[in-house]
Amino acid sequence: MNERLEAMKKRVREREHAKLRQDIEVQPDNDRYEREGVSWHGRMSDSFRALCEAEKPIILDGERIVFTRTIKGIPTPAEPPEVRAAREKGNGSVGVANISANWDLAVSQGLLKRREIAAASLERMADDEEAVQSMTACIEVIDAALDLAARYADEARAQGRDDLAEILDHVPAHPPRTFHEALQSFKFLHSLTWMQPTAHVTLGRFDQYMLPYYQADLDAGRITEDEAYELLCELFISFNKDNDLYPGVQQGDNGQSIMLGGVKPEDGSCAVNALTYLIMRVSHDVNMIDPKINLRVDTNTELDLLIEAAKLTRRGLGFPQYANDDVEIQSLVNAGYDLEDARDYVVAACWEFIIPSVALDVPNINAVNFLAAADTAIREGLAAQDDFDGIMDRTRQNIFDQVDVYVASWRRWSLYHPYPWYTVLMSNCLETGRDANRGGVKYYNCGIHGSGSANGADALAAVKTFVFDNSVIERGDLMTALVTNFENDEPLRKKLLNEGPKVGNNDDYVDDILIKLFNDFADACESHKTDIGRSTVVRPGTGSAMYYVSLVRCKQEEMMEPVVEGASADGRHKGDFIGSSLAPSPGVQIRGPVSVLQSFSKIDYSRICNGGPITMELADTVFRDEDAIRKVAMLIRTFVELGCQQLQINTLNVETLQDAKAHPELHKNLIVRVWGWSGYFCELDEPYQDHIIGRHMLAM
Amino acid sequence: MPVPTFLEYGRILPMQTGIVFDIKEFAVHDGPGIRTTVFLKGCPLRCTWCQNPEGISSEPQTMTSPAGERIAGQRYTSRKLADLLNSQADILRRNEGGVTFSGGEPLMQAAFLAEVIDRLDNLHTLLDTSGYATEQDFKLVAAKVDLIYFDLKIIDNNALLHYVAVDNTMIIHNLRLLPSLGTPFVVRVPLIPGVTDTDENLAAIAETVKPLAGLKRVDLLPYNKAAGGKYAAAGMTFAANYDESREVNANVTPFEQRGIPVHVA
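So the protein sequences, as listed, match chains A and B.
Take 1 as the starting number for the first sequence in full-length UniProt numbering and just add one per residue.
Take 1 as the starting number for the second sequence in full-length UniProt numbering and just add one per residue.
What the hints contain is simulated information worked out from the structure, not anything from laboratory work.
Don't take every hint at face value.
[Claimed, not checked] Here are the simulated lysine-lysine pairs, DSSO-like style, with alpha carbons at most 27 Å apart: (1) A:K72 / A:K19; (2) B:K24 / A:K602; (3) B:K210 / A:K661.
With these hints in hand, go ahead and build the complete structure from the sequences.
Right, dumping it as structure tokens:
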């Protein structure tokens, strides 16, 4: 990056723009809403309008793509009386987060065209109260956005930035005329999405919807690759500007994820283009936590593209994350998505596969705790003198019970929170006069994470081999050891940990149990087809999110998920972490990444569509030269060819991490992958730091 | 230790067993492509800069580190080890790789190693050796593999014995056998500051290897300052008798002057 960009990045890291924030809070006008009986839609749009009006246009020195937040909080209007009454009866409300807008549509049409469509629906559906409320609200938010954009243009003129004023006069109201205008339009629309109560605003297939503008500029000789590179760098730096205001478990957990590559929805042909490559280069050079890069690959993907991706992996940012089209598209089709929609998939916040534009799936509601399911089955089964099949049956029942509890709780959600701004950004909502969250889109499915799978399978395999097949451990001794947290039997713990069959070594003995756990999970989800409210499927997944900490460290009363309170038969001490998504259990010895891929390739992903990556740590010394980078690319190709679903490779040096924990002041810019997102190591809470250090100690 | 366990061509043959202290997949610096390195346990050289101290003794030992405990040293029959490697044969072949046998000194278990290689399913094999072996053992394995990484440290015997427990005689003898065996080889020189990286030693190495047909190149491997990292875990003491902090002299001139391809890793 050139000096201008480096300086811009430095200012963002030092949060200079935060000094411009106004010390005000925008309050929803709840008294008036009550007095005038304003609809839920109208309350949302009015609060959004009030926030837009209170925002102050900010154009920082030399910026060519603008938008900076000055107000920290988001007004959340009171629900109308009938919604409050329903809530008091036990109904829950469903908000919108973790979805991917139709950025292509919104940018390419421009807000004036979107307004026209809303106005036509309003006129056409004048006797449909829901449509009238929704479309009126959508027009109000569009007008508020246009008004704020106009004030930005005025500010540009006032600062003598006529170049910028010309752009801001045109977008986001109209279709962009240039690549630069398209980026500015997108920046504006995306930033406004954060100004409603939501989380995880993903960026979707950026290399697809931005290509036409880039290509047209190239063809007309209006832009060079270097100029496009500079604009993209500036845009990417800007994603890090206000990310302290975005809600998440830890800072960085904000879902600003881009999905690159893949296939075209209409015919399944390869969608990789010049921007795919350029964006990876930009991400490499910008070297910040946002946006996170995902890359869709398949067996036809060129090794050259994987080499570029491996160079980005070497950066140690924890991305790109790889998704296998050969597996995932079919899996989504099996779950009931139309083929064209399935081909268009992106990731939500971390790894959850979602369909942009036409779906409001909620892919991360709860997590099945496989280790809890196995651990309870082992304890009860040993006490009841079960044989091993009996313990496996109990495990299956426990998985079913967990899923049943989650689904039963979702059934109480019947209050669908309107989202006028998202309604403007999604397909077919303005066209049909329906709010995106209230009937406007095609899919409203739910997804459950699947965490602790390797620990669960290892625990069951240890019991199978040591208690049943080889009879070298007595039931009573194992029970005592588990209850006492191995206090008086460290040799037994070491036997379980070091000598048992472990997931990640391509050993069918234990991998078969892993497969069974996920098949049971898929069966449990499939048993709920008609009783899940407006959803048609419950999507099982392989991810863990923050559950790798919370499921073994939290108190049961804090969690809906069953917590593993004690030690477990995989040789794990009470309170020790479980693995992240699909990874060998922490602390087990494995031969390396090829066996790990082989183990996890055995899962029947055709029934597991929600996502959750195989997570591996490679030592930074692996990436010594071009030849080694090519080998990393071949490893990624192996992931595809083995038929795995999703992969995340993290690169770091364990000494650096330990030093960063001891001397955070020296490592302010150290970036690590946490679960499905990257963050600054020193800004993480200690348990997350420790989990990452533990993972890298076992780096391959 | 030969154990009669399996039938082949209608007669009972003894199957060799060997002791392995680690198997590492995706060993990107141990040869071409994606490959798995098998570390055979036991080495008579005892180089003072050895980075794999758990490879020195021929007996299993426990490695203890903050990441947990593991046993270094597992006994395999040749079939069990070959089956394990063959279970990834498709992947290794597809990715221009194969299997590297390292150590320790793998030729200490030459009969076992030869049997493992015979059982491999058309996999590229690489022998990473110090060259310290009887001529018979050396020929047995060297003739079977596709590529050899031959480590050369110090040509002058008196200097060598200050750092290594054996002398050069067998090593140089075996090195000179290579052209007649026809197996291509790479000479690898660990650059130990002030020890192997002197201009005189590098020139002597260049002079020694220059006439040998089949030499693909010389790799100079700069000293790894983490060399002593595993000693505590192995319950051993690292005692470098050289100055670790000195910059290494990665002087390629003696090789280039003689027209030998040289690469600094």
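Hint check results:
no. : hint            : verdict
1   : A:K72 / A:K19   : holds (12 Å)
2   : B:K24 / A:K602  : holds (21 Å)
3   : B:K210 / A:K661 : violated (51 Å)
Checked against the numbered hints above, the structure violates only hint 3.
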